[in-house]
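The whole structure should be built from the sequences, with the hints applied where relevant.
Note that the protein sequences, when read in sequence, are chains A and B.
Each residue of the first sequence is one higher than the one before, starting from 1 at the first, in this note's numbering.
Each residue of the second sequence is one higher than the one before, starting from 1 at the first, in this note's numbering.
These are calculated hints, taken from the structure and not from any lab test.
Here are the simulated SDA-like cross-link-like pairs (lysine to any residue), alpha carbons at most 25 Å apart as the crow flies: (1) A:3 / B:110; (2) A:15 / B:97; (3) B:111 / A:18; (4) B:53 / A:297; (5) B:53 / A:178; (6) B:9 / A:113; (7) A:101 / B:55; (8) A:110 / B:91; (9) A:110 / B:56; (10) A:25 / B:127; (11) B:133 / B:120; (12) B:76 / A:10; (13) B:128 / A:103; (14) A:115 / B:82.
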Amino acid sequence: MFKMNECRKLISLVKRNTKCYFKDKIAFFMSLITPLILLVLFVTFLKNVYIDSFSSVLPEGGTVNKRIIEGIAGAWLMSSILSVSSVTVAFCSNTIMVEDKINFYVNDFKVSPVKPVTVSFAYFVSNFFVTFIVMMVVMLIGHIYLAAVGWYLNAGDVFMIILDCICGILFGTLLAGIVESFVSTQGGLSAVATLVSSMYGFICGAYMPLSQFSEGLRNVLCLLPGTYSVGIIRNHYMGGYISALENAGIPKEALTAIKDSFDANLYVFGTNVPLGAMYGILLGTCVVLVAVYIAIIMLKNKKK
Amino acid sequence: MIIEIDNLKKSFKEVKAVDDVSFRVKEGELFSFLGVNGAGKSTTINIISGILKKDGGNVKVCGYDLDTQTDAIKSKIGIVFQNSVLDKKLTVYENLKYRANLYGIFGNEFKTRLEEISDLLELKEILKRPLEKLSGGQKRRIDIARALVHNPELLILDEPTTGLDPKTRITVWRVIDKLRKENGLTVFLTTHYMEEAAESDYVVIIDSGKIVSEGTPHNLKNEYASDFVKFYNHREEAERYFGEKGYKIKHERDFIQVELKSTSEISGFFKEKPLLFDDFEVLKGNMDNVFLKVTGKDLSGV
Numbered sequence: 001m002f003k004m005n006e007c008r009k010l011i012s013l014v015k016r017n018t019k020c021y022f023k024d025k026i027a028f029f030m031s032l033i034t035p036l037i038l039l040v041l042f043v044t045f046l047k048n049v050y051i052d053s054f055s056s057v058l059p060e061g062g063t064v065n066k067r068i069i070e071g072i073a074g075a076w077l078m079s080s081i082l083s084v085s086s087v088t089v090a091f092c093s094n095t096i097m098v099e100d101k102i103n104f105y106v107n108d109f110k111v112s113p114v115k116p117v118t119v120s121f122a123y124f125v126s127n128f129f130v131t132f133i134v135m136m137v138v139m140l141i142g143h144i145y146l147a148a149v150g151w152y153l154n155a156g157d158v159f160m161i162i163l164d165c166i167c168g169i170l171f172g173t174l175l176a177g178i179v180e181s182f183v184s185t186q187g188g189l190s191a192v193a194t195l196v197s198s199m200y201g202f203i204c205g206a207y208m209p210l211s212q213f214s215e216g217l218r219n220v221l222c223l224l225p226g227t228y229s230v231g232i233i234r235n236h237y238m239g240g241y242i243s244a245l246e247n248a249g250i251p252k253e254a255l256t257a258i259k260d261s262f263d264a265n266l267y268v269f270g271t272n273v274p275l276g277a278m279y280g281i282l283l284g285t286c287v288v289l290v291a292v293y294i295a296i297i298m299l300k301n302k303k304k
Numbered sequence: 001m002i003i004e005i006d007n008l009k010k011s012f013k014e015v016k017a018v019d020d021v022s023f024r025v026k027e028g029e030l031f032s033f034l035g036v037n038g039a040g041k042s043t044t045i046n047i048i049s050g051i052l053k054k055d056g057g058n059v060k061v062c063g064y065d066l067d068t069q070t071d072a073i074k075s076k077i078g079i080v081f082q083n084s085v086l087d088k089k090l091t092v093y094e095n096l097k098y099r100a101n102l103y104g105i106f107g108n109e110f111k112t113r114l115e116e117i118s119d120l121l122e123l124k125e126i127l128k129r130p131l132e133k134l135s136g137g138q139k140r141r142i143d144i145a146r147a148l149v150h151n152p153e154l155l156i157l158d159e160p161t162t163g164l165d166p167k168t169r170i171t172v173w174r175v176i177d178k179l180r181k182e183n184g185l186t187v188f189l190t191t192h193y194m195e196e197a198a199e200s201d202y203v204v205i206i207d208s209g210k211i212v213s214e215g216t217p218h219n220l221k222n223e224y225a226s227d228f229v230k231f232y233n234h235r236e237e238a239e240r241y242f243g244e245k246g247y248k249i250k251h252e253r254d255f256i257q258v259e260l261k262s263t264s265e266i267s268g269f270f271k272e273k274p275l276l277f278d279d280f281e282v283l284k285g286n287m288d289n290v291f292l293k294v295t296g297k298d299l300s301g302v
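Right under this line is the structure:
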């Protein structure tokens with residue numbers, strides 16, 4: 001699709017966008033602070049609620065290592081934070097694209113022999129990198145917390161979690177790129193970022209397990225691709241802890257109940273969605289979003 | 001001809017921003033495009049540079065057709081926008097590097113070009129400084145450096161000195177003059193400052209999207225501008241003399257100002273009535289007068 005020279009221009013624009021973003025210390029701080037506040041709030045106010053919820057699903061009378069229970073609650077919280085952040089941080093970090101429009105910097109690209117699709121793709125790639133870096137910082141801090149309360153993940157789990165984050169970020173940055181391509185004011189950017197930050201966690205089942213919603217609402221939310229971004233990351237965060245519970249002699253029925261109650265298993269109209277299908281839905285959505293993104297760029301360029 | 005524009009049209013809904021405009025810009029000349037805000041200057045520039053699409057007409061820049069060879073045109077023109085479009089947080093070096101890359105200039109080719117521009121615009125000492133730390137004049141020099149980073153044949157300056165203090169304006173014009181003399185660059189200028197337009201080789205005046213007049217500053221002044229003679233401490237008879245002959249007279253505290261097509265018209269008065277005033281001063285018509293006559297609009301308040 002791209003010629004060699006256009007690829008070098010793309011790399012240069014990505015470097016420029018990323019450098020501009022990280023030189024704006026406030027923008028970076030604001031992107032980082034939101035998931036960290038979520039982590040602190042979860043640990044401070046909700047940790048015990050989830051520990052009680054996990055304990056209630058386990059068979060009565062059995063003794064399970066406290067670190068597994070505290071760890072699985074922490075892992076569930078981490079999966080929520082990372083899956084939400086993959087979208088909310090992407091929306092908050094896409095400031096360069098909107099600021100370039102607000103300040104008419106885009107005109108400097110329009111008068112240069114660079115394709116509009118290259119400029120737009122560069123915003124997407126740089127936003128992807130920025131969101132990834134913010135997420136990895138949050139993940140690192142979260143994993144330090146998990147190590148303190150109960151670490152039952154192996155290298156494979158962490159690798160898969162990073163891969164899940166990448167899928168989530170891909171989805172989030174594409175969505176941010178499409179929505180924010182229609183935003184051309186600072187107020188608009190703040191409004192969109194606030195709206196997404198406050199709503200997304202609920203509609204993807206990150207703040208509250210879908211199992212606690214009514215069946216109708218659960219089915220509707222399962223039609224949204226973001227739900228599967230939460231689903232895949234939950235599976236890999238909880239996997240190590242489920243194995244630890246299995247090794248501790250917890251019966252399979254109880255483990256399935258935990259998976260069902262805490263969204264490691266997702267059901268659409270009563271049918272379980274396997275992990276592979278979750279990836280398929282999420283990545284398939286990304287392909288559609290890429291097509292929509294390109295169509296928007298083409299249309300906007302045609303209109304000018 | 002470096003720019004050939006025929007019957008250019010562009011509308012925004014019902015507003016005809018550019019209405020059947022045609023003009024030519026010769027290679028190496030300083031060409032001025034004059035008009036009040038909203039006259040159609042920036043729209044024309046934005047069409048030439050590829051920011052906006054035209055509704056009709058033909059545009060050729062450096063021999064390339066705008067409809068089919070846009071990228072070739074973009075490589076031949078450099079633009080200094082009214083407001084800087086460079087990244088304030090990045091250093092001068094980073095800004096120029098990333099913009100040069102957009103023209104396919106990388107690595108050693110960029111370093112060589114940077115060396116040339118740095119020498120030309122005296123940038124060496126500020127290359128590592130962030131743009132936001134520079135003075136207004138330095139920032140304008142960087143804007144010009146960005147426009148020249150790909151060695152264009154045509155430099156478009158969209159009101160480059162608007163909002164700058166007089167000292168910085170002089171600095172900017174010194175740089176532009178140097179570029180014209182040493183590099184033979186063609187400069188397409190839009191400005192509100194008539195003294196800048198007066199230095200041009202050719203001037204086009206645009207109003208409400210239409211060209212209302214064009215020519216060299218000398219020809220335009222001859223055609224439209226009046227001469228003014230101020231008579232200090234005049235006698236009443238002098239005022240009567242000019243009044244009877246139908247001249248336009250402006251009264252000031254200690255002088256009257258008489259507007260004439262040419263001072264030679266009243267050479268007889270100086271000979272016949274030398275005692276009707278203590279002193280006099282002749283002011284030649286300028287581009288402000290030309291603009292006012294042609295458009296009926298005063299640019300001094302813009």
